[in-house]
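Trainee: Residues per chain, in single letters:
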Amino acid sequence: MSRKTTILTLVVLVGLAGACAKQEQASPAEEAWSALVEEWSGLDTAEEKTTLAENYLAEFPDTEHSGSMAGVVVYYRGQEMEDPQGAYDVVASTLEHIVDPEQRFEVSMELFNLADSVEVPLDLAQVANSLSAHRPLTYSEHQQVFETAVDLEEWMVADEHALAALDMATPEAYRADYPDREFTDEDVAERAQTRKATALAYDGWALYNMGDTELAFARFAAADEVGSVSYLGIPNTPLYTFWGRAAMREGDLDTAIELLGAEAAFGNDGSGAEAFLRDAYTAKNGNEKGFDEFLWATRGELAKRVDDFTLLDYEGNQISLADVSTGKVTLLAFWFPT
Amino acid sequence: MELPRLQPLYEQYKDQGFEVVAVEAKRDAERAKKFIEEKGLTYTTLENGEDDQEVVGSIFKVRSFPSSFLIDRDGKVMYFHLGFEAGDEERLEDEIKTLL
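Same order as they appear, the protein sequences are chains D and V. Going letter by letter, the first sequence gives residues 1 to 338 in the numbering used here. Going letter by letter, the second sequence gives residues 1 to 100 in the numbering used here.
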């Protein structure tokens with residue numbers, strides 16, 4: 001499964017980390033939450049994490065943490081423990097007890113993450129409309145809806161929410177979503193660009209599947225022009241996967257291979273680009289002989305030299321990346337404690 | 001990739017020239033040190049810098065965690081990995097073995 005699940009999982013953990021900061025409330029639900037956060041960091045197995053989240057949801061189904069706890073159940077029980085039906089049953093029965101419209105939306109969206117494996121008898125447009133009847137959706141909520149709509153192949157829903165998200169792809173809208181946080185102008189500009197590129201890429205893919213080929217390719221080109229790219233120089237959106245798949249369906253195999261090749265070169269990002277690249281390569285060459293070598297060569301061509309930096313270790317020594325990595329194979333990992 | 005899952009990979013391949021450098025992005029030194037100690041991590045652990053010394057966002061454009069880059073012996077970035085899902089270790093280990 002997908003980029004979406006990975007990102008949701010990260011959101012869950014960020015949610016837990018963020019929750020550590022506030023400790024003034026003393027309601028039973030908040031006390032139980034503080035205890036949960038404390039216990040969470042000592043847990044190693046999916047079973048332990050699932051149990052903790054499920055116990056919390058059973059006792060306190062309708063709190064501001066319902067969405068993140070439902071996310072824990074969907075990820076750890078549904079995926080790691082490979083029990084999607086069990087995860088569905090737990091979260092669906094929690095949903096019955098939730099009145100708060102925001103939490104109903106969050107928990108419902110978690111259920112859609114299980115739609116690959118179990119039947120989810122919810123209507124995506126209706127889930128979104130229930131929240132928008134209460135207040136306008138944020139960019140992130142529109143994004144959740146259009147990503148889910150693409151997974152479910154509900155193209156008109158994807159188009160509607162990608163366009164709504166595009167309207168919110170501005171520095172002003174970004175700041176308005178996070179009123180308590182301070183950002184530099186540069187940061188906000190960059191994040192607004194990422195929003196814009198994401199919404200354009202998804203809208204292009206929705207339009208392509210609705211049969212509006214010309215406008216779809218215009219959207220892809222516009223997303224590319226925004227130029228929101230990762231450290232490796234590849235779009236930090238699924239743009240090249242969507243665009244490459246559309247090119248392949250149009251019979252333009254060279255373009256498909258170029259775009260999917262760039263997306264797949266540095267590993268599986270959850271967009272499934274490598275499998276689509278293999279299809280395009282096979283279509284062009286008649287068979288998949290030499291595919292692995294081709295992918296390796298593509299990577300070599302696109303790879304960049306890592307930037308060096310110097311930081312302190314926990315003994316106060318200045319360490320540069322080059323000091324420890326020169327001549328070695330190095331995994332550079334970025335993390336924070338949850 | 002979750003940090004503790006990197007420790008066995010590090011121990012298995014360090015003699016063949018494999019290194020792990022983990023940078024803690026949010027400068028939460030107290031919890032980071034506790035975590036590193038509790039989980040018995042013995043590879044290089046560094047703390048992100050402040051302001052113009054900041055590297056995670058400003059150089060590597062990393063906004064989601066955990067994120068990792070695999071670098072070959074010539075210093076070229078050959079693989080990127082976001083998040084952690086069941087089965088990720090196998091893929092990462094394959095990539096490491098290919099580069100070693």
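These aren't lab readings, by the way, just hints derived from the structure by calculation. A portion of the hints provided could be inaccurate.
Unchecked claim - One-sided excerpt, in silico: chain D residues whose CB lies under 7 angstroms from chain V: (1) S34; (2) R104; (3) V118; (4) R175; (5) Y178; (6) Y231; (7) V329; (8) L331; (9) L332; (10) W335.
No experiment lies behind these values; they were computed from the predicted model shown. C-beta: ideal position from N, C-alpha, C; glycine also.
Trainee: Would you list, in rising numerical order, the hints stated earlier that this structure does not obey?
Mentor: Hints 1, 2, 3, 4, 5 contradicted; others consistent.
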